[in-house]
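Q: So the chains spell out like this:
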Amino acid sequence: MLKLPIYLDNNATTPMDPRVLEAMTPYFLNQFGNAASRNHPFGWAAEEAVDYAREQVAKLIGADPKEIIFTSGATEADNLGIKGVFEMYASKGNHIITATTEHKAVLDTCKHIEKQGGEVTYLTVQPDGLIDLTELEAAIRPTTILISIMYANNEIGTVMPIKEISAIARKHGVLVFTDATQAVGKIPVDVNKDGIDLMAFTAHKMYGPKGVGALYVRRKNPRVKVTAQMDGGGHERGMRSGTLNVTGIVGFGKACELCMNEMEADAKRIAVMRDKLETELMKIEEAYVNGSREHRLPHVTNISFKHVEGEGLLMGFNKNIALSSGSACTSASLEPSYVLKALGLGDDLAHSSLRFGLSRFTTDEEIDYTIKSITDTVLKLREMSPLWEMYKEGIDLNTIEWAAH
Amino acid sequence: MAYSEKVIDHYQNPKNVGTLDKASKNVGTGLVGAPECGDVMRLQIEVNHETGMITDAKFKTFGCGSAIASSSLATEWLKGKSVDEALKIDNMTIVEELNLPPVKIHCSVLAEDAIKAAINDYREKNGMEKIKFEESVIH
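So the protein sequences, as listed, match chains A and B.
Throughout the first sequence, residue numbering follows our numbering, covering 1 to 405 in sequence.
Throughout the second sequence, residue numbering follows our numbering, covering 406 to 544 in sequence.
Hints are computed from structural coordinates only; laboratory data are not their basis.
Backbone N, C-alpha and C fix where the C-beta goes; we use that ideal spot for every residue, glycine too.
Treat the hints with care, since some could be wrong.
[To be verified] Interface residues of chain B toward chain A, partial, derived using beta-carbon atoms under 7 Å:
hint : residue
1    : A439
2    : G443
3    : W482
[What the hints assert, rightly or not] Covered by chain B, per the in silico footprint, the following chain A stretches (three or more residues, Cβ under 8 Å):
hint : region
4    : 304-314
5    : 342-353
6    : 385-398
Based on the sequences and whatever the hints tell you, model everything.
A: Dropping the structure here:
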């Protein structure tokens, strides 16, 4: 039985797995202790729960539990990782390399660092969304201390060549930070095989609760340190003060354990549905997939439907299907998605895009409904679109002098 | 963002979608906006030369629901009005009728501009001087 509304905005957040909630419940109620309370059973139980979760989290990414610093989420982990390295390694240099398609949590952190006297190189991406490794290597200077490249993109799902990036970084003695928010729990991520020194990720993108995330900080080869960004009780080995969100951490651990066990099968099943969705929607005239289809997360696709506007399109079905658009109208800013523009898409195509993020809970019926609903809406809006009419008449839209607005 | 019922109604059942013969002397066409800005509106009026009355109006719009609703509403209002009356349609009346939130006011401005552009196109075709309008403030 098809239940509406359908949720296909899983890059924004995922629903929580009921098994995660079950694991968390006792820590909301009887086991409410502070993990830093060393002198009584309430504290001991909380500490034990956190330790166990730390192991579950570490295991998913091939890390040692001591390398996991719990935070409030990926944004905090991005800030701590990048600013923490910038401050800790100030004597070595002040240059950071990142890319234009990074999440705002990384880009704005880098902007902040520039104001503090740091230097940042923003690599452009190729039309498929991947960075050029030769350009990356060429950007490295003697003062470069950090390369920050996301594992997988939140808008188009493109998976960056992290192994190759870290090999280049190693060669030049530069640390690698990656925002792996969209990747961890969806595809295999191994900090050792991938050569990652610092990594941000979060529970709520992998069927865990909101408000808890982690920064992985390498302890061996090399031993990496970050300067704390918050002063306080010296929790998390001095790197992140603040009473631990025990309940959230327990949920995070459980979510990681489930992903560890089910990720492979989930990814296979979800990719089949994603491919069907994509293939069917590509049957619509003038539809384009944005970003690499080869190096991509299994549950994501981003499609532009030329000559219809994203928000207008969403309005046709957003009572029943939750999706997001790269159109400016859906956000507070007036600019369409900077990620799509970085791929070289014109504003018109960027305005016409929809982002699909499937999940463990997505069903075939939901995909069928979505295909029909979106196809109908695109066709209906094109009947209403002056651009479509001009395109059909063979008018090159680039030759038209649009009224200044 | 939640849309007003009127916007939703115009979006779901747009009035007067279509195309008039833009080569006809009776027809004025206004094309405003730009694909880069995320909205393009084409509004057309058909005018009876003798009476100066607008006998038909059609639109096609590329844009969000509010842009579609604004142009749909504009065509409804245009039909049966004289060209002079049409010139008095103010974007704020569209805002009020559709309950547009502040971020969508530009959609109503676009509709007002489209009406003016269509009227000027009609005037030009028929040997009348174009009316000079003040630049719209928004956009």
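Q: Against each hint, give a clear statement of whether it holds in the structure.
A: We went through each hint and held it up to the structure:
Look at B/A439: its Cβ gets to within about 4 Å of chain A, closer than 7 Å, so that hint holds up. Among the interface hints, the one on B/G443 holds; its C-beta lies about 4 Å from the nearest C-beta in chain A, closer than the 7 Å criterion. Among the interface hints, the one on B/W482 is violated; its C-beta lies about 18 Å from the nearest C-beta in chain A, farther than the 7 Å criterion. Under the rule that three or more residues need a Cβ within less than 8 Å of chain B, the assignment of the region 304-314 of chain A holds, with 6 such residues.
Here the region 342-353 of chain A counts 4 residues with a CB under 8 Å from a CB of chain B, which clears the bar of 3, and the coverage holds. For a cut-off of 8 Å, the count of residues in the region 385-398 of chain A with a CB near a CB of chain B stands at 6, and the three-residue condition holds.
This entry does not satisfy hint 3, going by the numbered hints stated previously; all others are met.
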